[in-house]
Structure formats: structure tokens, C-alpha cells
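Enquirer: Read off the chains here:
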Amino acid sequence: MTDHPFSVPRYEPQAGPADLLVTQYRDAGYPAAQQLVQGDYASNAALQQALAARLELARCGLRLELRGDEAFIWPLQALAQAAGLQGDEILLSRLPGSRRVFCVHCAQCQPASAAESLTCAHCGVHLEVRRHFSQRLGAYLGVCADADLPYADLPNGEPRP
Amino acid sequence: MIDVRVAAIHELTPVIREYRLQAIDGALPGFSAGSHVQVHLPDGRRNAYSLLGDPADNSEYRIAVRHQDNSRGGSRYLHQVLCSGDRLRISAPANLFPLYSKARQHLLVAAGIGITPFMAHSRELLRRGEDFELHYAYRSGSSDAYLGELRQSLGPRLHEYPAGIRRLDARALLKDRPLGAHVYSCGPQSLLLAIAEQAAAQGWSPRRVHSEAFAAAEPGLPFSVELQRSGRQLQVGAEQSLLEALEAAGVEIPNLCRGGVCGQCQTPYLKGDVEHRDHFLAANERATSLMPCVSRGCGSPILLDI
Ligand code: FES
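Which chain is which? The protein sequence lines are P and Z, in order.
Mind the numbering: the first sequence is residues 1 to 161 in full-length UniProt numbering, read in order.
Mind the numbering: the second sequence is residues 1 to 306 in full-length UniProt numbering, read in order.
Quick caveat, the hints were computed from the structure, so don't treat them as lab data.
Predicted model only: the values in this text are computed from it and were never measured.
Check each hint, because a few of them may be wrong.
As the list claims (entries may be wrong) - Covered by chain P, according to a simulated footprint, are these stretches of chain Z (three or more residues, beta-carbon under 8 Å):
id : stretch
1  : 177-186
2  : 202-210
Said to hold, decoys possible - To be clear about the criterion: a stretch of chain P counts as covered by chain Z if any three or more of its residues have a C-beta under 8 Å from a C-beta of chain Z, and this derived list gives those stretches:
id : stretch
3  : 57-66
4  : 81-88
All C-beta atoms, glycine included, are put in the ideal place defined by N, C-alpha and C.
Build the full structure now, drawing on both the sequences and the hints.
Expert: Structure follows, in C-alpha cells:
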């Protein structure tokens, strides 16, 4: 966890392997019937549907592991909790990769790297990514890095039309 | 504090009576299913009882009391002295046993007089149209309060375990439940433990497991305490709890359950031998904290850090 440049929510440890694994990359050590792999689905929406269908039939006591980068994990976690899983019944294995950033200026989410700043793909404001994480959005908050120069990254420092 | 009048007393079984309480002036505060009130007894004691009426109806509060032979007098007073028309003083309702709003299925498990909070819960769940079951272990003719009423209102949602005929099997009860299930138990400690153990064994998160113990202080041997800050010395009688002794001396300690479960009355102490009887403190906290509503001295005098 220490190799993350940003703070991540902490979860209680739990024992034993999960009963169901949803992962970005296939785990050869897991029974095929017990894992849902991103690559097997046409889209993330299809994968989410498959998980929802599994949880609908699942019995109380099920332990779920979500493994992948943050952009992959958070929407699935929200889905699993809505299906009735408790936070401590879900094991989150975060892999480095993309995460989501919510721009507070235009209220849009976008994928981002672990870098501390980026330019909002929607409104062009130069954002500093805060440590604040919104469980609801599954995203880190991005706020204007320099109020005097909000569009520092644009060629002439002007907003997009 | 609310002053109420005993509007009616009903004998539900030879050992359980129901008391209907109405406000002397003004209206009673509303309450949520699972709430309890503390009843203040003339000798200064306070006992907690679940409100078993419909939470949508606050024209009166209903409590049911089981006569306990070994009780320190609370149930004896209510059963033998209190009459219809008498005044009583109660605390405002507090809820330590609420329904979990996101549950997809609620499993209510009662033994004997532990049925009381579930009377309110099951009314609330019926009104909300939620998925639930009530599992009720009782002894026919003595600890089977409200059985007829529950059979009528709950139909197949009621599962009965009459003593000597059908055993309540916690393992079977929790097996094969949908993901959003929550279990609530109320009754003797052995029932609560059996449910909690089975839930853990079947991989349930402890956050799905809710319980309310019969919260009442048990008598013990007399002991003495000293209050560090004021230097005062107090004697705690055999039939009295430390919390009651403090209250009698004018020392108010926050409290809700008066049964060692809610954690409200946690009090630091500096020395002395303590018999910890609570279900709240972790082992490492017991060296410096005690719960005066149930725990007692058992050797060298206790020095409280208050
Ligand atoms: S009053 Fe609840 S633990 Fe003492």
C-alpha cells in the first residue's frame, strides 16, 4: 500500500481466499468458475451485469475479491455493496494503473494516471488531484491547481470556447 | 424525563405482564422500532424495557415485564406493587437495537421475553412490506407472550420453537440466506452467542449481526469505591449497582442500556479489583476502564478517576 503516491481508503483485513474474484487479468490459480475476467466481456457494463447476476443468486457469507486498478474496482465495489455485501466482505486488491478524477469545476469524471496533476479533459482547467476520495463517485477530487492561472496548460492560457 | 400514568396492566402469562403507559400531560415523544425506555423505580433504580407498541402510534408506550425471582426488585415492584392509575417516571426513548435500513432480509430471533423489541420491529417491517422472518423460542404457558397475536399478524413469517418440542438451530436458521440478510437476536446470552458464532462460522460479516441482551445488573457482594477528584467514599450495597450508588450520591454518569452493552457509562479507574461483567470493553481496556452499570468490586477498593 505504501507504493501509492496518493492516499487510499483502508479496509479491514480478512482471512482466506475469496469465493468469487472479479479481475482485470485472469488468475490461473483460481478456479475458472469462480472468476469473472474483464477480457471475457465485451464491455465493463457487460462485466458489471454478469457480477450483478452472480450476486443476485449468491448466499450470505460470500467473500468477493475485486482486483484491478482503481478505475476498474470502484464501480464494482459500489455495485457489490448495493447488492447487499458489507464493506468487510469485499477484498480490494488495487493494482497500479488508472484511477478516476472528478473535476469540481465542470463536475465530470475522467480516467487519470497516478500523477498529482492533470488538465481536465472536459473544461481544460489545470487540476491538482487531492487526497480526498469520494466513495460515491469512486473518484478523487481534482481542484484548480493555481487560481491565478486556471488554464496554465493551454497554449495561450485561455479557456476553451 | 417523562411522567406517565399506568393506563392498564394485562397479565399475558402467569409470569409476564404488559403495562400501558400514557403521558400525564402533553404528548409522548415518538420512537423508532427497537427503542427502549428506562423506568425509574421508587428506590432510585432504573430498569430498561423495550417499547413493544406500534412505532407509528405514540399515544401510549407499551412495555412487558417478566417476573424474575432473582431480580433485585425491579420486576417484583412492577408486578406486585404497581397498580393501574399509578404514576411512573421514565426516560425518553433511546434506540440501541434499530433495524438496518439497507437489509434485504431481516431475520428476527427471540427467546422468551426477548420477543418485546420484535413486536415493534415486526409491525414496522409489515408496514414497509419488507422481507422478514420471526423465529420465536418459548415455553408454552409461561414465556410465550403475544403468540396468538403474532400467529395472526405474521402467518408463515412466524417460526415457532416451543421448549421440549422443537429446538432452535442457529446453523439451519442462518443457512442459505440472500446476500443482504441481517440477523437480530434478543434473549439470554446463550442465544446471542449461538447466533453470533454461527454467523461467523458461515462467513457473515459481524455488521450483519445485531443483538440486544437482557440488560440488567445482577446483584453481588457489597464493595466500596473512592472518587479520586472529590475524595468521596461510597458504599455499594449487595443489591445495588455501582451506577445506582453513584446516582444516589448525586453523581450522574451518562447511560442508556444499564446492562453493560451500550458503552455509554464507561468510567476510568486508577486502582482496585474489578469484576468486569459488561459486554462492551475490550480486554485491554479493562485495566483502566469499567462499566459501572453492571461491573462490581471484588477485592481491594476501587479508586474511580472521576
Ligand atoms: S449504561 Fe450501557 S454499558 Fe453501562
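Enquirer: Please list, smallest to largest, the hint numbers that this structure does not respect.
Expert: When the structure is compared with the hints, none of them turns out to be violated.
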